[in-house]
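Engineer: For reference, the chains in residue letters:
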Amino acid sequence: MSQIFHHSTNTFSRLSIFGGIFILAFLVWAWAELNASDYATRAKVPVEQPVPFSHEHHVGGLGIDCRYCHTSVENSSFAGIPPTKICMNCHSQIWNTSAMLEPVRTSFRSDESIRWIRVHDLPDYVYFNHSIHVAKGIGCTSCHGPINKMPLTWQQASLQMAWCLECHRHPERFVRPRSEVFNVTYQPPANQEELGRKLVREYKIQSLTSCSTCHR
Amino acid sequence: MRIRPLAWMSLPLIAGGVTIGCRQDMQDQPKYIPLRSDNFFADGRSARPVPEGTVARGLLRADKVFYTGKMGNDFIDRIPFPVNRDVLLRGQDRFNVYCSPCHGRLGNGLGMIVRRGLKRPPSYHIDRLRQVPLGYFYDVITNGFGAMPDYAMQIAPRDRWSVAAYIRVLQYSQNASINDVPAEMRGELPSQNAPAAEGPKK
Chain L
1161 MSQIFHHSTN TFSRLSIFGG IFILAFLVWA WAELNASDYA TRAKVPVEQP
1211 VPFSHEHHVG GLGIDCRYCH TSVENSSFAG IPPTKICMNC HSQIWNTSAM
1261 LEPVRTSFRS DESIRWIRVH DLPDYVYFNH SIHVAKGIGC TSCHGPINKM
1311 PLTWQQASLQ MAWCLECHRH PERFVRPRSE VFNVTYQPPA NQEELGRKLV
1361 REYKIQSLTS CSTCHR
Chain Y
205 MRIRPLAWMS LPLIAGGVTI GCRQDMQDQP KYIPLRSDNF FADGRSARPV
255 PEGTVARGLL RADKVFYTGK MGNDFIDRIP FPVNRDVLLR GQDRFNVYCS
305 PCHGRLGNGL GMIVRRGLKR PPSYHIDRLR QVPLGYFYDV ITNGFGAMPD
355 YAMQIAPRDR WSVAAYIRVL QYSQNASIND VPAEMRGELP SQNAPAAEGP
405 KK
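Protein sequence lines correspond, in order, to chains L and Y.
The working numbering numbers the first residue of the first sequence as 1161 and each following residue consecutively.
The working numbering numbers the first residue of the second sequence as 205 and each following residue consecutively.
A couple of the hints might just be wrong.
BS3-like cross-link-like pairs, simulated, lysine-lysine; straight-line CA separation at most 27 Å [what the hints assert, rightly or not]:
#: 1; chain 1: L; residue 1: Lys-1245; chain 2: Y; residue 2: Lys-268
#: 2; chain 1: L; residue 1: Lys-1204; chain 2: Y; residue 2: Lys-268
#: 3; chain 1: L; residue 1: Lys-1245; chain 2: L; residue 2: Lys-1296
Some but not every residue of chain L turned toward chain Y, in silico, with C-beta under 10 Å [stated by the list, open to error]:
#: 4; residue: Trp-1189
#: 5; residue: Trp-1191
#: 6; residue: Ala-1192
#: 7; residue: Glu-1193
#: 8; residue: Ile-1224
#: 9; residue: Asn-1235
#: 10; residue: Pro-1243
#: 11; residue: Asp-1271
#: 12; residue: Ser-1273
#: 13; residue: Arg-1275
#: 14; residue: Phe-1342
Simulated from the structure, these hints should not be mistaken for lab results.
This one's a predicted model, so the numbers in the text were calculated from it and none came from an experiment.
Where is the CB? At the ideal position from N, CA and C, for every residue including glycine.
My request is simple: use the sequences and hints to build the entire structure.
Structural biologist: Here it is in structure tokens:
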């Protein structure tokens, strides 16, 4: 009985064994990349808001401190979205006839909330707390990115667990002096690791990586 | 092994079943997180306004002097708790966050927002404001004055007193003469009339 397949098809069969492994590996890799991509996490996509509020103007241009509007960031899990009254502190006098700000004035007159769109929407099974991060020397821009350069606000980080753990495992790479937490132009010094280790000791920062730290 | 046609045909069903199971219920639980909207209430707010007259535990404002800055009808001219360096630093911190946008870091009324068109507040260094009692500053922060809105929502009562104390510090500093500096430390001062650093915070 003669052979069904020609001798040269052996090469094909070897190739397909290798190919099976590599194609599978490639697919897994591609899936992981796609899952962590800005497209999937919606990072770095400016979010349309009822009023096109610019952090670039208010923070970068005018130098207003984060806490002027986000008043509860030091005491609460939630940084606080300013009530319309805080907008009106200045905008009752400045740009007070601008059409762009009409929703703000309407809200102030009618006592109805402006329906801002949440930019950082963590899954509901994650319990993030702003106050502890701020108190332990994690700067606003470490997570929120160059907020002073955002004409419309976007989410800078992926907010995926791998991203959280990056810092929870190695806080010394990100911690900064408490006095610099709200400094939006802070650049880590060349000796960050050394300074970081010192601050981790000084601020008694624990590297918390157990599940129940965030998932309760 | 030969796979039966029935098994092949059920594959799309299985795939469909798997993806139908992909829901976001854990991500979006039916609970209130801060400022989440909810149609249950007519105004859409899950954070309900506090009914008038409600006093939260620990927030009873029984100490009238502390919470109004007044003894009877007169402003008090002291801080109603011991003032130390930490209190002044806290005052400086709060002042720079909430007051300096208009009043300027030196309290001269030339903050960034004023330069952008807000009505200029008086400098703290005029005689009238150097004479007013400390309770006056507490009262203005709490209730606003003239074109200035109140900051009751943004600055806690104790911090308002710290800010009042820090305003005094600014007043002393801007009206100091070389004679107020101990002789042995005068050499450490920068040259006379050096322009004061003022500008947008880095």
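Engineer: Please go over all the hints and tell whether each is borne out by the structure.
Structural biologist: A quick look at each hint next to the structure:
1. L:Lys-1245 - Y:Lys-268: Between L:Lys-1245 and Y:Lys-268 the Cα gap is close to 26 Å, so the pair holds against 27 Å.
2. L:Lys-1204 - Y:Lys-268: This hinted pair is violated, its Cα atoms lying about 50 Å apart.
3. L:Lys-1245 - L:Lys-1296: 30 Å, violated
4. Trp-1189: The hint is violated - L:Trp-1189 has no Cβ within 10 Å of chain Y, the shortest such distance being about 22 Å.
5. Trp-1191: 15 Å, violated
6. Ala-1192: With a closest approach of 18 Å, the L:Ala-1192 hint is violated.
7. Glu-1193: 20 Å, violated
8. Ile-1224: 6 Å, holds
9. Asn-1235: 9 Å, holds
10. Pro-1243: Holds. Min distance 7 Å.
11. Asp-1271: 8 Å, holds
12. Ser-1273: OK, holds: L:Ser-1273 within 10 Å of chain Y, min 6 Å.
13. Arg-1275: 7 Å, holds
14. Phe-1342: L:Phe-1342 check passes; min Cβ-Cβ to chain Y is 8 Å, inside 10 Å.
Violated hints, listed in ascending order, are 2, 3, 4, 5, 6 and 7; each of the other numbered hints is respected by the structure.
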